[in-house]
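J.: Residue-level listing of the chains:
Number of protein chains: 4
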Amino acid sequence: MAGLGAIGLLHARHLARQLCGARLACVVDQDRALAEAIGSELGSPFSAFFETALEDARVTAVVIATPSPLHAEMVGQAVRAGKHVFCEKPLSLDVASGERAAALADAAGVILQVGFQRRFDADFVEARRLIGADELGAVLLLRISHRNRIPPHDGPLERRFGSPFVDMTIHDFDTALWLAGPVAEVSAFASADSTLAVVRFESGALGVIDNTRRAGYGFECAAELVGSRLTLRIGDGARASRVERLTAAGALTRLAADYIERHRAAYLEELRHFVACVHSGTAPAVGGAEANAALALALTAERCAA
Amino acid sequence: MAGLGAIGLLHARHLARQLCGARLACVVDQDRALAEAIGSELGSPFSAFFETALEDARVTAVVIATPSPLHAEMVGQAVRAGKHVFCEKPLSLDVASGERAAALADAAGVILQVGFQRRFDADFVEARRLIGADELGAVLLLRISHRNRIPPHDGPLERRFGSPFVDMTIHDFDTALWLAGPVAEVSAFASADSTLAVVRFESGALGVIDNTRRAGYGFECAAELVGSRLTLRIGDGARASRVERLTAAGALTRLAADYIERHRAAYLEELRHFVACVHSGTAPAVGGAEANAALALALTAERCAA
Amino acid sequence: MAGLGAIGLLHARHLARQLCGARLACVVDQDRALAEAIGSELGSPFSAFFETALEDARVTAVVIATPSPLHAEMVGQAVRAGKHVFCEKPLSLDVASGERAAALADAAGVILQVGFQRRFDADFVEARRLIGADELGAVLLLRISHRNRIPPHDGPLERRFGSPFVDMTIHDFDTALWLAGPVAEVSAFASADSTLAVVRFESGALGVIDNTRRAGYGFECAAELVGSRLTLRIGDGARASRVERLTAAGALTRLAADYIERHRAAYLEELRHFVACVHSGTAPAVGGAEANAALALALTAERCAA
Amino acid sequence: MAGLGAIGLLHARHLARQLCGARLACVVDQDRALAEAIGSELGSPFSAFFETALEDARVTAVVIATPSPLHAEMVGQAVRAGKHVFCEKPLSLDVASGERAAALADAAGVILQVGFQRRFDADFVEARRLIGADELGAVLLLRISHRNRIPPHDGPLERRFGSPFVDMTIHDFDTALWLAGPVAEVSAFASADSTLAVVRFESGALGVIDNTRRAGYGFECAAELVGSRLTLRIGDGARASRVERLTAAGALTRLAADYIERHRAAYLEELRHFVACVHSGTAPAVGGAEANAALALALTAERCAA
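Protein chains in written order, with the working numbering: chain A, 4 to 309; chain B, 4 to 309; chain C, 4 to 309; chain D, 4 to 309.
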């Protein structure tokens, strides 16, 4: 487990406590004290150096959750060391690096899975199933609303994670490709707080993705697909609970504070899928090709909105 | 229009402004100043005396919304004066008076309608239609939750409106009879704040009605019918609006503050129905028989819970 | 009442039966048989000629609900005859005609109201009130989803009502201006079934409007405003009822079939407002200026999407 | 793992695949072929005899999910063999046996946990937390609606699981005690399809529990607590998903088919809690005392309704 930020910690804990088919061999973070603390919490060895884990023959696979600019290079290192790789999105910040990483994994015959957890979210999986069963007919319109309560990484270094299109909307581009097929055109618009991406699918359908980085209320992940036969809505806004509190002020329901709260089960499932693919040798559902396709759209949107 | 409390005012304004087939001939309240103020607001004559209206040959019908203990007697007066009568619930506080009033109206050939407005609420009407179309199959269970945010009439004189069973649960007994048929048995339980009534229908189905007089959050009027083929739910709690306000505290929706806010349209529709019945001579959907049936159940519950 | 299509019939019935402060003096439709039938139903005189109503001195105001291309000219006729005018949207199909009609009404000192009924919808009014009370803080993002189940006017003559932007999205442009202020830029995209309009407000906020003309499921009219302090959502999709039907297939709720079902109360309120303005001489909330502002955005969008 | 019916299978799979701190040492079922098949699926030894597992020194704890009449005796056997015990509800079918089993576990110093999984359901846990934080003020009314789509065990042997009060309502009695405190009185009513239990809490509050064994639509587990300061509602009916399918027929959402689908996470959590208690020696949150208190209420209700 390389990288112990919020997502890295989540993955590490899932590996240690909830995925019985995997053993957490080592937690790595350049912050040695953090690595030691987490290693202690999870009962696993630790290191400040990724190379240490790569040199360990007992390590079969690595999970990379370091800052985005480091991903492509670390994937290359891991693949050359013969390790299977689960890499958090984005696989890379430029398409060439992403394609190189995917090719290296292919050539080395190792599994490369990228962390688009929404593909493992029960509601989105149900939507994909209904589409695959042709229940919608032709998709006419796709709408995705994706918002963070507060920016996940802030401050002067934020831009090293890529533009909002690459850091955030990339999830929505992947979802759009997954649910509605190849994209022919992308247009994009940005303000200080929000972005809008408009896509025209090869099918002729239209799609719109709205993102807000500081929505203030909770984590929003809603989608709609208007089809010729049926319309699908993944709704409930950011609701996190069935519990309503009723007072004279109104009926109040808790909202998911962030993407971890909303997608906790999906984060577990994507790792469960990775572990199963490593054991069985099957190609994962979301790999380099998917990551690069989504990145290409994100970079096109970034250029358009500039 | 006799009686200018909250409900009386509502009826008066509906008559004056929204029911074009009726003309508000007189507003009456023992509080002469109030009668004058409302008469002025609505552009209608006023009086402190019910008899004045009864003696006026141009008055075709009366709407009675005075305190409950006065209803039966005033209905008798109006009927003897040859007026059609819309009487707020309850028609009476004892069955004998209610049956007498109904018989008098019958004999005089005038319309007698009683104010069970829920029978004109769009959602309950839709439920009744589905039941009548046999979509539910056999009704197995009925549940009604009916709550006021604060008691509608409070203080030392509250009990003159009858027990909570007669003043409040009577609506639910009428709904139960209307939706699920004749009742064979009633059991009831009361606490300082709430009542529970359990009914066994002649069909064998069970029913439960919970009322709270000071729920604190809003006006609740929810119902469920579990049927052998389909279950109906009239839900949404006390929600008054499609507007949600989302903040880090949660998603907040306004609630109906009282029965007027929740049933405003139904209050208008029941008067519209009354006016139409007066014009056409048709018997109203809710009259003395329905009122007395509901009262009988309410009084049985009251004795049981004592 | 000129024009007895779906909307015209609705207005005529509201005027005749629900607006006690107005008398339906004449129903007009070029289809004489239809005019006669409706006149008979509503107990009003009828004619096949607009001029007949204009020449009648007892006629104070006219409601125009004829096909869109006729609006501007008929408004001019009515205004020159000294009648107050309620004109269904759009006021005109080109800005010059719309400005001319507004100027004529101004000069003649008559009321001109345009039928943007959403401005009288309880939920949108509540939203506007919260915005006006500064509860949202700065608006960051506006999203509107507006869909018809089936196209309201179909067939070879459909395009005479104007492009989808002028016929349908014009409501959303008016809502956008009303809720989030002046618009600096418009971009638009169209497919065979849907349109997307992206606006950039003078405030810097972004807005996106998605329309589908044949959504197939019901009439959709949802909106969201993400604000710096609070997010507003007008949701519930196209739900028309509190009644849920539960079976092993799922929980089913009825949807509004069309804009009349969804906005019936708003259609009544906007006419009630018009009648009140005619009586009091106050300028209506939605007049020529609003209509022309929305049309300008619609035409810009139309050109952009071509 | 003793007993491989629906619940037993669920527990077995959780133990084998999701609870890394436990090893599934043996699956037991009187149906040897079933035990073999499951043992094979989960990679664990199997037996047709409970004694075999009890005699195995490596077995630390047992999970009992055999038919209800066998529970108390098997708990006794396991406790005497020095094993910790997780026993599905009900602990026993009569209070004396339940108290004996609890006393034996106490004396032997082993953990005894009983399977009231709702105590581990996220929504109910949230409700309990709000109550514990005194957010509701005084509880005035409790309402629970608990329904099965189809009876979990059917046919001539159904009654060996106890009356519906002991088999099904026992969950609701446990929830009532957990959320609203000790009960002073119980009244109950039964029909062929449903039961109603009315409780009066020592606090003076009222409670009503409605159960239907063949509701037909899905698994229902809803609750409301009306408090003097705030009302809590655990709602959403039996909704199983955020996905809505919209067609002209309406908006359709999937419902939980049974208690396993609705409470899957809670079933896992209660076993996770048991494993943690076995490791740490802490008393479990739900043990013999809780089970016997709920059973006492269920048996009182059963006698009352007869």
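FYI, nobody ran anything at the bench for these hints, they're computed from the structure. Please note that the accuracy of each hint is not assured.
[Unchecked claim] Covered stretches of chain A, going by a simulated chain C footprint (3 or more residues, C-beta under 8 Å):
#1 206-212
#2 221-231
#3 234-240
#4 274-283
Quick caveat, the model's predicted, so the values are computed rather than measured. Note that CB positions come from ideal geometry on N, CA and C, so glycine has one too.
J.: What hint numbers does the structure not satisfy?
T.: 4
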